[in-house]
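If you read the protein sequences in the order shown, they are chains W and H.
The numbering of the first sequence is the working numbering, which starts it at 1 and goes up by one.
The numbering of the second sequence is the working numbering, which starts it at 1 and goes up by one.
Honestly, I wouldn't trust all of these hints.
Label-pair restraints from in silico Cβ distances [unchecked claim]:
{"hint": "1", "chain 1": "H", "residue 1": "Leu193", "chain 2": "W", "residue 2": "Ala372", "range": "46 to 54 Å"}
{"hint": "2", "chain 1": "W", "residue 1": "Arg92", "chain 2": "H", "residue 2": "Asp236", "range": "24 to 32 Å"}
{"hint": "3", "chain 1": "H", "residue 1": "Glu47", "chain 2": "W", "residue 2": "Asp101", "range": "31 to 39 Å"}
{"hint": "4", "chain 1": "W", "residue 1": "Ser262", "chain 2": "H", "residue 2": "Arg222", "range": "48 to 56 Å"}
{"hint": "5", "chain 1": "H", "residue 1": "Ser144", "chain 2": "W", "residue 2": "Arg92", "range": "42 to 50 Å"}
{"hint": "6", "chain 1": "W", "residue 1": "Asp57", "chain 2": "H", "residue 2": "Ala80", "range": "37 to 45 Å"}
{"hint": "7", "chain 1": "W", "residue 1": "Met22", "chain 2": "H", "residue 2": "Ala246", "range": "44 to 52 Å"}
{"hint": "8", "chain 1": "W", "residue 1": "Leu216", "chain 2": "H", "residue 2": "Asp211", "range": "29 to 37 Å"}
{"hint": "9", "chain 1": "W", "residue 1": "Asp101", "chain 2": "H", "residue 2": "Gln145", "range": "25 to 33 Å"}
{"hint": "10", "chain 1": "H", "residue 1": "Ser254", "chain 2": "W", "residue 2": "Leu216", "range": "25 to 33 Å"}
{"hint": "11", "chain 1": "W", "residue 1": "Pro380", "chain 2": "H", "residue 2": "Pro221", "range": "56 to 64 Å"}
{"hint": "12", "chain 1": "W", "residue 1": "Pro261", "chain 2": "H", "residue 2": "Arg222", "range": "45 to 53 Å"}
Please keep in mind that the hints were generated in silico from the structure rather than gathered at the bench.
The model shown is predicted, which means the values in this text are computed figures rather than measured ones.
Just so you know, even glycine gets a beta-carbon here, dropped at the ideal spot from N, CA and C.
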Amino acid sequence: MRIQSRAVNLIQWAARLGLLIMILSSFLPPPPRAILGETHTVETMRPQVCVHTRLIDEVDEWKIAQSLQYVREMGAATIVEFFPWAYVESSRDQYNWASVDRIVRHTENQGLRVIARLGIVPEWARPIDQEHTSTQNTLTPEFYADFAEFAAEFASRYAGIIDEFIIWNEPNLAFEWGFQAVDPLRYVELLQTVYPAVKRANPNAVVMAAPLAPTLEPRGSPNGLNDLLYLEALYENGAADYFDALAIHTYGFTRPADDPPSAETLNFRRAELLRAIMIRYGDTDTPAYITETGWNDSPRWANAVSPPQRIAETIRGYEIAESWDWLESMCVWVFRFPAPTFNYPDYFTLVNVDFQRKPIYYALRSYARGLAQSETLWLPPPVE
Amino acid sequence: MAATTRRIIALLPFTWVWWILGALLPVIAIPRTPAPPTACDAFPRGEIRVGVDASHAPFAAYVNDTLVGIDIDLANALAAQIGLPVRFVPLGYDGLYDALYADQIDVLIAAVPRDPARTNRVLYTPSYFEAGIALVTSRSSTVSQMSDVSGRRLAYEFGSSAHSEVDIWARRILPFTRMPYQYAAYALDAVRLGQADAALVDTITLHQYLDAHPEWDAHTPRIILSIPYVIALRIDRPSQAVMVTAALEELRSSGALDTLIARWL
Numbered sequence: 001m002r003i004q005s006r007a008v009n010l011i012q013w014a015a016r017l018g019l020l021i022m023i024l025s026s027f028l029p030p031p032p033r034a035i036l037g038e039t040h041t042v043e044t045m046r047p048q049v050c051v052h053t054r055l056i057d058e059v060d061e062w063k064i065a066q067s068l069q070y071v072r073e074m075g076a077a078t079i080v081e082f083f084p085w086a087y088v089e090s091s092r093d094q095y096n097w098a099s100v101d102r103i104v105r106h107t108e109n110q111g112l113r114v115i116a117r118l119g120i121v122p123e124w125a126r127p128i129d130q131e132h133t134s135t136q137n138t139l140t141p142e143f144y145a146d147f148a149e150f151a152a153e154f155a156s157r158y159a160g161i162i163d164e165f166i167i168w169n170e171p172n173l174a175f176e177w178g179f180q181a182v183d184p185l186r187y188v189e190l191l192q193t194v195y196p197a198v199k200r201a202n203p204n205a206v207v208m209a210a211p212l213a214p215t216l217e218p219r220g221s222p223n224g225l226n227d228l229l230y231l232e233a234l235y236e237n238g239a240a241d242y243f244d245a246l247a248i249h250t251y252g253f254t255r256p257a258d259d260p261p262s263a264e265t266l267n268f269r270r271a272e273l274l275r276a277i278m279i280r281y282g283d284t285d286t287p288a289y290i291t292e293t294g295w296n297d298s299p300r301w302a303n304a305v306s307p308p309q310r311i312a313e314t315i316r317g318y319e320i321a322e323s324w325d326w327l328e329s330m331c332v333w334v335f336r337f338p339a340p341t342f343n344y345p346d347y348f349t350l351v352n353v354d355f356q357r358k359p360i361y362y363a364l365r366s367y368a369r370g371l372a373q374s375e376t377l378w379l380p381p382p383v384e
Numbered sequence: 001m002a003a004t005t006r007r008i009i010a011l012l013p014f015t016w017v018w019w020i021l022g023a024l025l026p027v028i029a030i031p032r033t034p035a036p037p038t039a040c041d042a043f044p045r046g047e048i049r050v051g052v053d054a055s056h057a058p059f060a061a062y063v064n065d066t067l068v069g070i071d072i073d074l075a076n077a078l079a080a081q082i083g084l085p086v087r088f089v090p091l092g093y094d095g096l097y098d099a100l101y102a103d104q105i106d107v108l109i110a111a112v113p114r115d116p117a118r119t120n121r122v123l124y125t126p127s128y129f130e131a132g133i134a135l136v137t138s139r140s141s142t143v144s145q146m147s148d149v150s151g152r153r154l155a156y157e158f159g160s161s162a163h164s165e166v167d168i169w170a171r172r173i174l175p176f177t178r179m180p181y182q183y184a185a186y187a188l189d190a191v192r193l194g195q196a197d198a199a200l201v202d203t204i205t206l207h208q209y210l211d212a213h214p215e216w217d218a219h220t221p222r223i224i225l226s227i228p229y230v231i232a233l234r235i236d237r238p239s240q241a242v243m244v245t246a247a248l249e250e251l252r253s254s255g256a257l258d259t260l261i262a263r264w265l
């Protein structure tokens with residue numbers, strides 16, 4: 001009888017304990033959905049090879065893992081990833097780092113270095129009086145300090161893991177500047193606000209001035225401002241003290257990689273003109289990163305080339321960049337999109353939505369890792 | 001009771017007025033449908049600002065500094081139907097939707113498919129062009145759907161959206177022989193020359209290929225993946241969407257839409 005009641009007692013306590021564990025476990029963060037394997041290192045002969053990824057909008061964690069595995073296997077040591085302010089601080093002073101954390105977890109696992117591009121204004125930081133005319137890129141000066149605070153929080157949290165930051169994207173284009181008048185002075189003021197905040201949070205941080213869109217738009221154009229003129233204006237307005245490196249966007253469009261640079265031409269070597277401006281303003285020791293580059297092989301886009309040309313010019317672009325001792329990394333736009341656009345931007349990717357690696361992926365892998373390319377990817381053209 | 005009512009009515013001045021009002025009451029009380037918005041109500045600027053991507057032939061491109069293409073002709077036809085002038089705003093692909101959100105344009109006609117992620121801010125019209133992936137065979141072929149491809153040869157462009165569809169169908173149906181080519185046109189060559197039994201290609205490539213090979217009696221039994229190109233408008237201006245959709249449907253029913261597309265494809 002006594003033994004029976006003790007057994008009942010034990011069962012009751014076990015049930016209570018089980019219930020308590022269930023309740024407590026509901027407070028724990030969910031386990032990662034993609035299991036991390038052993039930590040990897042990138043095998044590469046050309047550490048300047050880098051790709052721009054688009055992982056932040058990925059719903060399935062395994063797709064982040066798969067993408068980064070392919071990046072590592074390609075021999076790219078670095079990625080640029082976009083981390084929108086609006087995703088992390090959707091309510092003022094309430095930070096949710098979950099989406100950043102899961103990307104960082106996988107980049108660390110694959111042994112990849114991350115350059116963080118910061119941008120996108122949360123709803124609460126957009127001008128109220130422009131409710132119907134503002135966009136996610138409309139950052140007005142009254143919210144510069146809030147953006148700086150976010151950037152500093154980011155820099156502090158990931159110090160030692162992510163140390164390189166790009167402050168905004170292509171502010172010389174009207175739509176990237178939220179359809180406000182494109183104004184280099186305003187962007188300098190943004191750098192002046194963000195730079196000290198990030199440096200206080202992480203003294204080892206490398207703060208990059210925003211890459212400018214390659215464009216020939218003249219002064220006064222509603223669409224934007226020529227990147228060369230914009231960069232000169234940044235220096236004229238004292239930006240040099242507020243960035244450690246310049247981010248550059250340079251695309252080949254329909255021209256070969258060797259096409260000589262010219263102020264009137266949009267081509268790959270336009271990067272040399274931006275570098276010349278840096279030197280002219282005495283900024284010789286400041287390095288540059290090409291954070292977007294590439295060619296497009298859409299059959300219908302006016303600025304595209306054929307797939308074989310795309311491969312040849314991209315590799316040639318890397319070969320040319322090997323002699324640019326001022327360049328830290330060169331990142332191809334874009335590794336993969338989370339969903340197809342069903343339009344020509346899909347032809348910038350190295351890997352399609354379903355993780356089908358394109359010929360250019362294999363070509364870049366061969367270049368980066370010094371491997372001979374042996375795969376036969378397609379059949380010869382049919383003959384009559 | 002009736003006498004009391006008569007006495008009350010008699011107390012009111014202008015009794016005959018009250019009788020008339022009483023008679024009209026049912027007519028006045030019937031809720032009336034508001035008048036449909038006029039073109040100028042919907043587009044108060046007196047013009048329709050159309051955002052286009054001028055780097056994407058045959059939809060929009062510059063030829064001798066003039067905008068031409070399907071999207072340009074469609075915008076002009078819609079504006080004529082609505083009765084307002086059109087003003088084109090050339091945009092880069094990345095800025096298409098931002099221009100709509102920031103009130104730089106009223107309408108976006110730029111070969112864009114419906115994007116479910118944007119439907120909290122955007123209204124889409126029905127499709128004006130099907131840009132999907134088509135199954136293409138020769139007229140004499142017995143292949144009329146993807147399950148018929150089992151045991152046969154299927155051609156496609158390596159790395160394209162069609163390639164993704166091939167991967168999907170490889171898991172759904174019995175094995176078939178994959179024939180990847182560097183270009184979609186080569187995949188169509190293979191079918192035309194009898195070296196493949198069917199091809200998966202996008203409809204724009206197909207249109208252009210058939211234009212270049214009028215002698216080939218090709219058959220397109222099925223769209224395997226539908227990618228409808230649509231017109232995008234602001235969700236907070238539904239009268240614009242109503243007007244543009246009505247005009248588009250009018251163009252469709254009159255056959256003008258098909259004629260317009262056939263001019264370019």
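Comparing the hints with the structure gives:
{"no.": "1", "hint": "H:Leu193 to W:Ala372: 46 to 54 Å", "result": "violated (33 Å)"}
{"no.": "2", "hint": "W:Arg92 to H:Asp236: 24 to 32 Å", "result": "holds (25 Å)"}
{"no.": "3", "hint": "H:Glu47 to W:Asp101: 31 to 39 Å", "result": "violated (49 Å)"}
{"no.": "4", "hint": "W:Ser262 to H:Arg222: 48 to 56 Å", "result": "holds (50 Å)"}
{"no.": "5", "hint": "H:Ser144 to W:Arg92: 42 to 50 Å", "result": "violated (59 Å)"}
{"no.": "6", "hint": "W:Asp57 to H:Ala80: 37 to 45 Å", "result": "holds (39 Å)"}
{"no.": "7", "hint": "W:Met22 to H:Ala246: 44 to 52 Å", "result": "violated (58 Å)"}
{"no.": "8", "hint": "W:Leu216 to H:Asp211: 29 to 37 Å", "result": "holds (34 Å)"}
{"no.": "9", "hint": "W:Asp101 to H:Gln145: 25 to 33 Å", "result": "violated (46 Å)"}
{"no.": "10", "hint": "H:Ser254 to W:Leu216: 25 to 33 Å", "result": "violated (42 Å)"}
{"no.": "11", "hint": "W:Pro380 to H:Pro221: 56 to 64 Å", "result": "violated (28 Å)"}
{"no.": "12", "hint": "W:Pro261 to H:Arg222: 45 to 53 Å", "result": "holds (50 Å)"}
Of the hints listed earlier, those the structure fails to meet are numbers 1, 3, 5, 7, 9, 10, 11, in rising order.
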